[in-house]
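Protein chains in written order, with the numbering used here: chain A, 50 to 248; chain R, 50 to 248.
Any given hint might turn out to be false.
Remember, identical chains collapse to one label, so a pair may be satisfied in a single copy or spanning two.
Here are the simulated SDA-like cross-link-like pairs (lysine to any residue), alpha carbons at most 25 angstroms apart as the crow flies [unchecked claim]: (1) Lys93 <-> Tyr82; (2) Lys103 <-> Gln64; (3) Lys103 <-> Ile71; (4) Lys74 <-> Pro225; (5) Lys140 <-> Gly169.
Rather than coming from a laboratory, the hints here were simulated on the basis of the structure. Note that the structure is a prediction, hence the values are computed from the model and not measured.
Number of protein chains: 2
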Amino acid sequence: MAEYNSAPLVSAAEQFAKLPGIGMKTAQRLAYYMLNQPVEDVEKFTSEILKARKSVHCCKICQNFTDTDECSICGDFRRDKKTICVVEAPKDVSALERAGGFNGVYHVLHGLLSPMENIGPNDIRIAELMKRLSGDVNEVIMATNPTVEGETTASYISRMIKPLGIKVTRLAYGLPAGSSLEYADDVTLQRAIENRNEL
Amino acid sequence: MAEYNSAPLVSAAEQFAKLPGIGMKTAQRLAYYMLNQPVEDVEKFTSEILKARKSVHCCKICQNFTDTDECSICGDFRRDKKTICVVEAPKDVSALERAGGFNGVYHVLHGLLSPMENIGPNDIRIAELMKRLSGDVNEVIMATNPTVEGETTASYISRMIKPLGIKVTRLAYGLPAGSSLEYADDVTLQRAIENRNEL
Numbered sequence: 050m051a052e053y054n055s056a057p058l059v060s061a062a063e064q065f066a067k068l069p070g071i072g073m074k075t076a077q078r079l080a081y082y083m084l085n086q087p088v089e090d091v092e093k094f095t096s097e098i099l100k101a102r103k104s105v106h107c108c109k110i111c112q113n114f115t116d117t118d119e120c121s122i123c124g125d126f127r128r129d130k131k132t133i134c135v136v137e138a139p140k141d142v143s144a145l146e147r148a149g150g151f152n153g154v155y156h157v158l159h160g161l162l163s164p165m166e167n168i169g170p171n172d173i174r175i176a177e178l179m180k181r182l183s184g185d186v187n188e189v190i191m192a193t194n195p196t197v198e199g200e201t202t203a204s205y206i207s208r209m210i211k212p213l214g215i216k217v218t219r220l221a222y223g224l225p226a227g228s229s230l231e232y233a234d235d236v237t238l239q240r241a242i243e244n245r246n247e248l
Numbered sequence: 050m051a052e053y054n055s056a057p058l059v060s061a062a063e064q065f066a067k068l069p070g071i072g073m074k075t076a077q078r079l080a081y082y083m084l085n086q087p088v089e090d091v092e093k094f095t096s097e098i099l100k101a102r103k104s105v106h107c108c109k110i111c112q113n114f115t116d117t118d119e120c121s122i123c124g125d126f127r128r129d130k131k132t133i134c135v136v137e138a139p140k141d142v143s144a145l146e147r148a149g150g151f152n153g154v155y156h157v158l159h160g161l162l163s164p165m166e167n168i169g170p171n172d173i174r175i176a177e178l179m180k181r182l183s184g185d186v187n188e189v190i191m192a193t194n195p196t197v198e199g200e201t202t203a204s205y206i207s208r209m210i211k212p213l214g215i216k217v218t219r220l221a222y223g224l225p226a227g228s229s230l231e232y233a234d235d236v237t238l239q240r241a242i243e244n245r246n247e248l
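Extracted from the complex, chain A is given alone in its bound form (with noise of 0.2 angstroms):
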């Protein structure tokens, strides 16, 4: 947006461009659309966003957004405090929320291990998991990405999480469902055939 255009117009639409996935060309349309709504609209949309960000912080014990003390996951009495699901993110909890089928509480780590872009075992929430291993936990389950990096993470805690003689699984690889053998890659077909199932 050039001289032309009024500067609080081209700031609003400079700080759409910041949002990930957003290009420059989407984040005018978004300016303009701002500036046909009403302003009480407006001043929600800031308002709640702004909200988010600053009462929103980590959970105390399983790391994962919350604008309480303890998320409402790891403050539920129904769940099963001795099953620790370790995922990357917190969007990660939501899909696996989401699915439905697991019952016990979370660990996100912020992040995944990666040498090539410097992250290493200090920089994701490692210390924190440990911490609560050394209570009453059964299992740890990996539940990190099935990428380089979500391997190599799943596989550098579980090798610290063993010698405590607790038991660590990982997320099963195969086909996902609805997809069809023609389309799977080589990977996913090995690793279908490697864990294959009793009928």
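Once you've looked at the hints, dock chain R against the given chain A.
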């Protein structure tokens, strides 16, 4: 985002989801992104957007967005005030200015006539345009989009202007630069032949 997510986080995502072209999935991603940014950056994001909404209004002459009384184009003594280019929206002014080649001034309608959507002449800024034409104007260029609504609006306004003895023109139809005859639609090709120019 369900009840296992912190309420302020859900609210922030819902606000993002109200933006055009942003679904719930992207909205969640943006909300998470915001939580990972420094508070000052989030404050700047929200304040710039709110500032734009509160300080930007329509230029009293051309109806384009501006934060001053008159927009920078209407206030520029080098622009030819006798040639008015009529467009649907502020983003069209941006497009034409970016392209260059026009040294007149604009008039932003903030919409197009659309019987289907119940948008009549009083719902867009036609009266403001007619008021400008009582001054010294040589030519009005109808630069609405080449769509049904754009055509309807252009011909409606031109019928109102012609009795005033002011020249009314329309943007040229034809093949877009760099395009291929093979993929051009029929209407575009027909118009390109009709409006052929001597070499």
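Verification of the supplied hints:
1. Lys93 <-> Tyr82: Cα proximity of Lys93 and Tyr82: in one copy and across copies (15 angstroms, 19 angstroms).
2. Lys103 <-> Gln64: Answer is both; intra-copy 18 angstroms and inter-copy 16 angstroms each pass.
3. Lys103 <-> Ile71: both (23 angstroms within a copy, 23 angstroms between copies)
4. Lys74 <-> Pro225: Answer is between; shortest inter-copy Cα gap is 20 angstroms, intra-copy 35 angstroms.
5. Lys140 <-> Gly169: within (21 angstroms within a copy, 46 angstroms between copies)
Every hint from the earlier list agrees with this structure, and none is contradicted.
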